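Novice: The lines below spell out each chain.
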Amino acid sequence: AQSVTQLDSHVSVSEGTPVLLRCNYSSSYSPSLFWYVQHPNKGLQLLLKYTSAATLVKGINGFEAEFKKSETSFHLTKPSAHMSDAAEYFCVVSDLMNTGFQKLVFGTGTRLLVSP
Amino acid sequence: DVKVTQSSRYLVKRTGEKVFLECVQDMDHENMFWYRQDPGLGLRLIYFSYDVKMKEKGDIPEGYSVSREKKERFSLILESASTNQTSMYLCASRILAGASSYEQYFGPGTRLTVT
Numbered sequence: 421a422q423s424v425t426q427l428d429s430h431v432s433v434s435e436g437t438p439v440l441l442r443c444n445y446s447s448s449y450s451p452s453l454f455w456y457v458q459h460p461n462k463g464l465q466l467l468l469k470y471t472s473a474a475t476l477v478k479g480i481n482g483f484e485a486e487f488k489k490s491e492t493s494f495h496l497t498k499p500s501a502h503m504s505d506a507a508e509y510f511c512v513v514s515d516l517m518n519t520g521f522q523k524l525v526f527g528t529g530t531r532l533l534v535s536p
Numbered sequence: 659d660v661k662v663t664q665s666s667r668y669l670v671k672r673t674g675e676k677v678f679l680e681c682v683q684d685m686d687h688e689n690m691f692w693y694r695q696d697p698g699l700g701l702r703l704i705y706f707s708y709d710v711k712m713k714e715k716g717d718i719p720e721g722y723s724v725s726r727e728k729k730e731r732f733s734l735i736l737e738s739a740s741t742n743q744t745s746m747y748l749c750a751s752r753i754l755a756g757a758s759s760y761e762q763y764f765g766p767g768t769r770l771t772v773t
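Listed in order, the protein sequences are those of chains R and B. Numbering follows my numbering, in which position 57 of the first sequence is assigned residue number 477; successive positions increment by one, without gaps. Numbering follows my numbering, in which position 37 of the second sequence is assigned residue number 695; successive positions increment by one, without gaps.
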C-alpha cells in the first residue's frame, strides 16, 4: 500500500519569508501525488498535483512542489508567505486497491502558522 | 465550478441515536466518498461508491453504512452513534476521468458531536 509521511505537524514562518512543508512518500510504482489545503471552517481545496509529467509542479497561490524520485519526496514550497496562507496542508498519494479502484491516502497534515 | 454540499455544518446527537449525514454533488460525478478527519490522523476513508447503488468499504467502515440511490446523493449512516464517532466528516466526489486524474472535490464538512 502507498503512504505519505508529513515530517512536521506545525511550521511557523513570518510573512514574506519562504515556506517549506515536507512530505515523503512510499510507493511500489510511479505514484500520483497531491497537496491539498484546508482553511479554517472550509473544505479541502486542491493546491497542485503530480501525475508523471513535469517533476516541478506549479499550483495555485504561488505554491509549487518538486517530485524527487531518488529522495521519495514531494515537498511544498512558496517563496514568500502571506498571512492568508495560514491553514492546514495535506500531502496525498494515490493508491491502487485490489479491485483496481484508485483511492487517495492522506498524510496527517501540517499546520502552517504565519506571523506578521 | 464543482459544488459538493453537506446537509449540516454542525450536528449534536446522543449516544445510540441513528444519524444520517447527507452529501450532494452537482457535477454528475460517478465516484463519491466519505472520510472522517481527526487531529493528528489526517483523513481516513470510511466508504466510497463507484456509481449508483454500488458501495465499497474503505479503511474504517465499522459502525457506519452508506446509501446511494441517486447519482448526486451519497448518505452516511451511523446505525447507533457512539462517542468515539465524534469527528469531522467530509464528503468528496470525483469524475471517472483519465487514469492520471484522481482529483477529488470536497464538501465543507459536518462536525458531529456525540454526547
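Among the clues, some could well be false.
Stated by the list, open to error - In the DSBU-like style, the derived pairs of lysine-lysine whose C-alpha atoms are separated by at most 35 Å in a straight line are:
hint, chain 1, residue 1, chain 2, residue 2
1, R, K478, B, K661
2, R, K488, B, K676
3, R, K469, B, K728
4, R, K462, B, K715
5, B, K713, B, K671
6, B, K729, R, K489
7, B, K713, B, K729
8, B, K671, R, K478
9, R, K462, B, K713
10, B, K728, R, K488
11, B, K729, B, K661
12, R, K489, B, K671
13, B, K715, R, K488
14, B, K661, B, K671
15, B, K676, B, K729
16, R, K478, B, K676
17, B, K711, R, K488
18, R, K488, B, K671
19, B, K661, R, K462
Said to hold, decoys possible - Here are the simulated distance ranges between beta carbons:
hint, chain 1, residue 1, chain 2, residue 2, range
20, R, D428, B, V710, 22 to 30 Å
21, B, P697, R, M503, 17 to 25 Å
22, B, S738, R, T519, 24 to 32 Å
23, R, E486, B, T771, 24 to 32 Å
24, R, T497, B, E675, 41 to 49 Å
25, R, L516, B, T773, 34 to 42 Å
26, R, L427, B, E688, 48 to 56 Å
27, B, M746, R, L516, 47 to 55 Å
28, B, E675, R, E491, 24 to 32 Å
29, B, P697, R, S446, 41 to 49 Å
30, R, E491, B, S723, 38 to 46 Å
31, R, T437, B, E720, 43 to 51 Å
Claimed, not checked - Sample of chain R residues at the chain B side, in silico, Cβ under 7 Å:
hint, residue
32, H459
33, P460
34, G463
35, L464
36, A474
37, L476
38, F526
The set of hints was computed from the structure by calculation and includes no laboratory data. As the structure is a prediction and not an experimental result, all values here were calculated from the model. Note that the Cβ used here is the ideal one computed from N, Cα and C, for glycine as well.
Novice: The structure should be examined with respect to each hint, and the outcome stated for every one.
Specialist: Verification of the hints:
1. In summary, the hint linking K478/R to K661/B is supported, as the alpha carbons are separated by about 24 Å, within the 35 Å threshold.
2. For the given pair, K488/R sits about 47 Å from K676/B by alpha-carbon distance, which is inconsistent with the 35 Å threshold.
3. With a C-alpha separation of about 30 Å, the suggested pair K469/R and K728/B falls inside the 35 Å cut-off, and the hint holds.
4. For the given pair, K462/R sits about 26 Å from K715/B by alpha-carbon distance, which is consistent with the 35 Å threshold.
5. With a C-alpha separation of about 26 Å, the suggested pairing of K713/B with K671/B holds against the 35 Å cut-off.
6. With a C-alpha separation of about 38 Å, the suggested pair K729/B and K489/R falls outside the 35 Å cut-off, and the hint is violated.
7. For the proposed pair K713/B and K729/B, the alpha carbon gap of about 12 Å is at most 35 Å, so the pair holds.
8. Restraint check for K671/B and K478/R: the C-alpha separation of about 43 Å exceeds 35 Å, so the hint is violated.
9. With a CA separation close to 27 Å, the supplied pair K462/R and K713/B stays within the 35 Å bound.
10. Pair hint K728/B plus K488/R does not hold up; C-alpha atoms about 42 Å apart against a cutoff of 35 Å.
11. For a cut-off of 35 Å, the pair hint linking K729/B to K661/B stands: about 14 Å separates their Cα positions.
12. Restraint check for K489/R and K671/B: the C-alpha separation of about 47 Å exceeds 35 Å, so the hint is violated.
13. Restraint check for K715/B and K488/R: the C-alpha separation of about 33 Å stays at or below 35 Å, so the hint holds.
14. A threshold of 35 Å between alpha carbons decides the hint, and for K661/B with K671/B the separation of about 27 Å falls inside it, so the pair holds.
15. Distance check on the hinted pair: K676/B and K729/B sit about 23 Å apart at the alpha-carbon level, within 35 Å; holds.
16. Note on K478/R and K676/B: the hinted pairing is violated, with a Cα-Cα distance of about 44 Å set against a maximum of 35 Å.
17. Taking the CA atoms of K711/B and K488/R, the gap is near 40 Å; set against the 35 Å cutoff, the hint is violated.
18. Of the pairs offered as hints, the one joining K488/R and K671/B is violated, with about 46 Å between alpha carbons and a cut-off of 35 Å exceeded.
19. A distance of roughly 13 Å separates the Cα atoms of K661/B and K462/R; the hinted pair therefore holds under the 35 Å criterion.
20. For the pair D428/R and V710/B, the supplied restraint of 22 to 30 Å is violated, since their beta-carbon distance comes to about 41 Å.
21. Distance hint check: the CB atoms of P697/B and M503/R are about 23 Å apart, consistent with the given range 17 to 25 Å.
22. About 29 Å separates the C-beta atoms of S738/B and T519/R, a value consistent with the hinted range of 24 to 32 Å.
23. Distance hint check: the CB atoms of E486/R and T771/B are about 41 Å apart, inconsistent with the given range 24 to 32 Å.
24. The hinted window of 41 to 49 Å between T497/R and E675/B holds, with their beta carbons roughly 46 Å apart.
25. Roughly 40 Å separates the CB atoms of L516/R and T773/B, a value that falls within the hinted 34 to 42 Å.
26. Taking the beta carbon of each, L427/R and E688/B are about 35 Å apart, not inside 48 to 56 Å as hinted.
27. Between M746/B and L516/R the C-beta distance comes to about 27 Å, which lies outside the given range of 47 to 55 Å.
28. The hinted range of 24 to 32 Å is not satisfied by E675/B and E491/R, whose Cβ atoms lie roughly 49 Å apart.
29. The hinted range of 41 to 49 Å is not satisfied by P697/B and S446/R, whose Cβ atoms lie roughly 23 Å apart.
30. The hint said 38 to 46 Å for the Cβ distance between E491/R and S723/B, and at roughly 42 Å that hint holds.
31. About 44 Å separates the C-beta atoms of T437/R and E720/B, a value consistent with the hinted range of 43 to 51 Å.
32. The beta carbon of H459/R is not positioned within 7 Å of any beta carbon in chain B (closest approach about 11 Å), and the interface hint is therefore violated.
33. For the restraint placing P460/R at the interface with chain B, the shortest Cβ-Cβ distance is roughly 11 Å, beyond the 7 Å limit, so the hint is violated.
34. With a cut of 7 Å, the hint placing G463/R at the interface with chain B holds, because the nearest CB-to-CB distance is about 4 Å.
35. Annotation: interface hint on L464/R holds; nearest CB of chain B at approximately 4 Å, less than 7 Å.
36. Contact between A474/R and chain B, as hinted, is not supported at the beta carbon level, the nearest pair being about 13 Å apart and thus beyond 7 Å.
37. The interface hint given for L476/R is violated, since its Cβ lies 17 Å from the closest Cβ of chain B, which is over the 7 Å cut-off.
38. Nearest Cβ of chain B to the Cβ of F526/R: about 4 Å, under the 7 Å cut. The hint holds.
Hints 2, 6, 8, 10, 12, 16, 17, 18, 20, 23, 26, 27, 28, 29, 32, 33, 36 and 37 from the list above are not met by this structure, while the remaining hints are.
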